[in-house]
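Visitor: Take a look at the letters that make up each chain.
Number of protein chains: 2
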Amino acid sequence: MEYQFSDKMVNMKPSAIREIFKSLGTPGAISFAAGNPAPESFPVSDMARIGADIFANQAVQALQYSVTEGYPRLREQVRKRLLDKFGIGTENDDLIIVTGGQQGIELSCKVLCNEGDTVIAENPSFIGALNAFRSLGARIQGVELKDDGMDTEALEKCLRENPDTKMIYVIPTFQNPAGSTTSLQTRKEIYRLASKYDVIILEDNPYGELRFAGEDIPTIKKLDTDGRVLYCGSFSKVLSAGMRIGFLLGPKELIQKIVVAKQVEDVHTNIYFQMLCSRYMDECDMDAHVEEIRALYRKKCGWMLECLDKYMPSCVKYTRPEGGLFLWCTLPETIELTDFVMAAKDQLVFVVPGTAFNCDESAPSRSFRLNYSMPSMEEIEKGIRILGELVRTMM
Amino acid sequence: MEYQFSDKMVNMKPSAIREIFKSLGTPGAISFAAGNPAPESFPVSDMARIGADIFANQAVQALQYSVTEGYPRLREQVRKRLLDKFGIGTENDDLIIVTGGQQGIELSCKVLCNEGDTVIAENPSFIGALNAFRSLGARIQGVELKDDGMDTEALEKCLRENPDTKMIYVIPTFQNPAGSTTSLQTRKEIYRLASKYDVIILEDNPYGELRFAGEDIPTIKKLDTDGRVLYCGSFSKVLSAGMRIGFLLGPKELIQKIVVAKQVEDVHTNIYFQMLCSRYMDECDMDAHVEEIRALYRKKCGWMLECLDKYMPSCVKYTRPEGGLFLWCTLPETIELTDFVMAAKDQLVFVVPGTAFNCDESAPSRSFRLNYSMPSMEEIEKGIRILGELVRTMM
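Chains A and B, in that order, are what the protein sequence lines are. Counted from 1, the first sequence has number 380 at position 380 by the working numbering; the numbering is strictly sequential. Counted from 1, the second sequence has number 17 at position 17 by the working numbering; the numbering is strictly sequential.
Simulated from the structure, these hints should not be mistaken for laboratory data. Careful: at least some of the hints might be erroneous.
[Stated by the list, open to error] With a straight-line Cα cutoff of 30 angstroms, these simulated BS3-like cross-link-like pairs (lysine-lysine) come out: (1) LYS13(A) / LYS146(A); (2) LYS252(A) / LYS196(A); (3) LYS85(B) / LYS146(B); (4) LYS13(A) / LYS252(B); (5) LYS80(B) / LYS13(A); (6) LYS382(A) / LYS345(A); (7) LYS252(B) / LYS80(B); (8) LYS222(A) / LYS188(A); (9) LYS252(A) / LYS13(B); (10) LYS252(A) / LYS345(B); (11) LYS345(B) / LYS146(B); (12) LYS188(B) / LYS146(B); (13) LYS317(B) / LYS299(B); (14) LYS85(A) / LYS252(A); (15) LYS80(A) / LYS13(B); (16) LYS382(A) / LYS299(A); (17) LYS252(B) / LYS345(A); (18) LYS85(A) / LYS13(A).
Work out the full structure, taking the sequences as your base and the hints as a guide.
Guide: Listed below in structure tokens is the structure:
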């Protein structure tokens, strides 16, 4: 038979990144394309010990259906941690455990947006979020991301011109893909504009704990006096990505509706790993573990920057991240991005072209994203050397 | 601020069942309300042993991001099992692992239906599916469920009157909530009508392996020569519900689109438990385990029927299931369902009123659902005795 898909899904394609991910099996391939945490960042022995104890002493609870909101103890612990680390979460807020930050983003859009409504996002932005918005039929308006965050003049223009805007989606800290961090002043201005035009802000902060340089900046949620900020976080970058555990903190009324939306998507998040996270936070030193990850990424990012400084011609510009997993390189106008990315792939070095992160999928880009958490120190040097030589041959 | 929800979500309420589930903590409460598998049906020691070995020898793979389609070995094994047990799955079909059958249902509707499109369902039907359709803005048309399945004359009338129908949702085997099984003749007629009116069938079969009496009947998927049947299954009732692992088998082109839709919902399903399921199937005797569950439910269902025969006045009618988790009781016209359910609750016996399963949420019902997998043998006798006495006092 001929299949007829829903309007919102008919033009949706698999994420370019997930597709690249599949072709990484080639021996000798160096991938700067993934968004994966470093495998050495998983606290395997602690997780194994706690996991075994859950099977031994709490098996029925860990294998049976559970409540949609999430494991009660874990919800308390995450609330406490968010309060301790970021000073966020008031008595008007509630917290739900979701199946990775990705689900938190998708559910937020689902409860707020009708098909055709506008979501404003930084341009470039996280492809997983953009595709989630598209899959719900939302129209995405991109606002240029500058070094210190969204161009707020352009944001106001965009809000004025799109009165059907329901949500502003931002990754203010160690942005994906740009690696940059929004200044406090810009965060305040984004919040002020959201208030003025009465829209919700979805603040995505998966890398918030991974600062390895510079000073912490308050989250936008910290500025939230109206109850208009949904804050999305995750255990993917600090404990394990494969277990799929994230959380949403936000105004009670919004979270209640998100609980209903989650219930019909997957009933609840894997309860065994919710219990494992909870017991990890009770029994282990989460802060010391996060500090180790920071040290690891400080070293890897520092090394990638050293290699870029050494091997990359000065016509290539790149960000100098203070945390997170990514940095963002921009080619000179004389080099065509697609040619460069394909030539790098031929030499088994994988990067993600900036076009993948564009709010307007047909817009051009001269940038590409580099990940430093996954590759080894040797792969970083070899891969950046190859990319540098490639730029020279293409200049 | 005042929150404005999307049209599709604004009137959505939490599932009545999930809400009842929360109030079951009361000591002495007897719940016939859950849809939970028996806790003694989880193969805990095998899962613990395999789980420990995964942490010891495959930890990085089990904790890192993975592909959206699912763990390749598990996909192969499930395909083989579906072929061996039900004779389904051709070279034109593909299989995706999803986060519980619930996600399979929701994604099927998401890729096929625009807001306002019609989904036809048995009336009554599984509340989780009905709510998933509602959450996507689909209009649900219920077709009366008779003893041998959907009323196919009413189905044809419904298809004729609703040319925007995209999908027929059915649970042909051990239906939830009714506990009844659709005859082969009715299955063939449903398939014929789906072909005639060119719509997709979503066949939900979470209990398919749990037959404890009578003879197997071919699935609708087995009749699928056009590639119009999506078949949804789950490990929830045979290994563990809390781990959230299900699967969808269907035409390649549909599954490819569902992969894209899943990617933006939760990237992939918990990979540790996908690996655990896979190794369980390789290393343990799944058939013997399923046989034990069947024996357990044969005993529990038989006992519930014995108690009903003994304690329930003959004016109450109930189904005699050949498998699955539920039976369905219908009160005489003189007893008001809500009064009965509330009076039972006051005596700490919980049942789900039939109204919860109605396609039209405002329609009345005289039936309620009883679950026999969760309560103990003692609870079954005590609870049914209380319900029987209650009927007598209300007659």
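Visitor: Sort out whether LYS299(B) lies within 30 angstroms of LYS317(B), counting only the CA atoms.
Guide: The given pair, whose Cα atoms are some 21 angstroms apart, holds under the 30 angstroms limit.
Visitor: Check whether the Cα positions of LYS85(A) and LYS252(A) lie no farther apart than 30 angstroms.
Guide: Cα-Cα ~21 angstroms, so holds.
Visitor: Can the restraint linking LYS252(B) and LYS80(B) be considered satisfied, given a maximum Cα separation of 30 angstroms?
Guide: Given that 30 angstroms is the threshold and the Cα spacing comes to 17 angstroms, the pair holds.
Visitor: Between the alpha carbons of LYS222(A) and LYS188(A), is the straight-line distance 30 angstroms or under?
Guide: holds (10 angstroms)
Visitor: Take a quick look at whether LYS345(B) and LYS146(B) sit within 30 angstroms of each other, Cα to Cα.
Guide: It holds: about 29 angstroms lies between the C-alpha atoms, which stays within 30 angstroms.
Visitor: Are the Cα positions of LYS252(A) and LYS345(B) separated by 30 angstroms at most?
Guide: Between LYS252(A) and LYS345(B) the Cα gap is close to 29 angstroms, so the pair holds against 30 angstroms.
Visitor: Does LYS13(A) sit within 30 angstroms of LYS80(B), going by the straight-line distance between their CA atoms?
Guide: Between LYS80(B) and LYS13(A) the Cα gap is close to 29 angstroms, so the pair holds against 30 angstroms.
Visitor: Just to be careful, I want the Cα atoms of LYS13(A) and LYS252(B) compared with a cutoff of 30 angstroms; is the pair within it?
Guide: holds (15 angstroms)
Visitor: Is the Cα-Cα distance between LYS85(A) and LYS13(A) 30 angstroms or less?
Guide: violated (38 angstroms)
Visitor: CA of LYS252(A) to CA of LYS196(A), is that 30 angstroms or under?
Guide: Since the Cα atoms of LYS252(A) and LYS196(A) sit roughly 22 angstroms apart, the hinted pair holds (cutoff 30 angstroms).
Visitor: Sort out whether LYS13(B) lies within 30 angstroms of LYS252(A), counting only the CA atoms.
Guide: The given pair, whose Cα atoms are some 15 angstroms apart, holds under the 30 angstroms limit.
Visitor: Hinted pair, alpha-carbon criterion (30 angstroms max): LYS80(A), LYS13(B). Please report holds or violated.
Guide: holds (28 angstroms)
Of the numbered hints given earlier, the model fails hint 18 alone.
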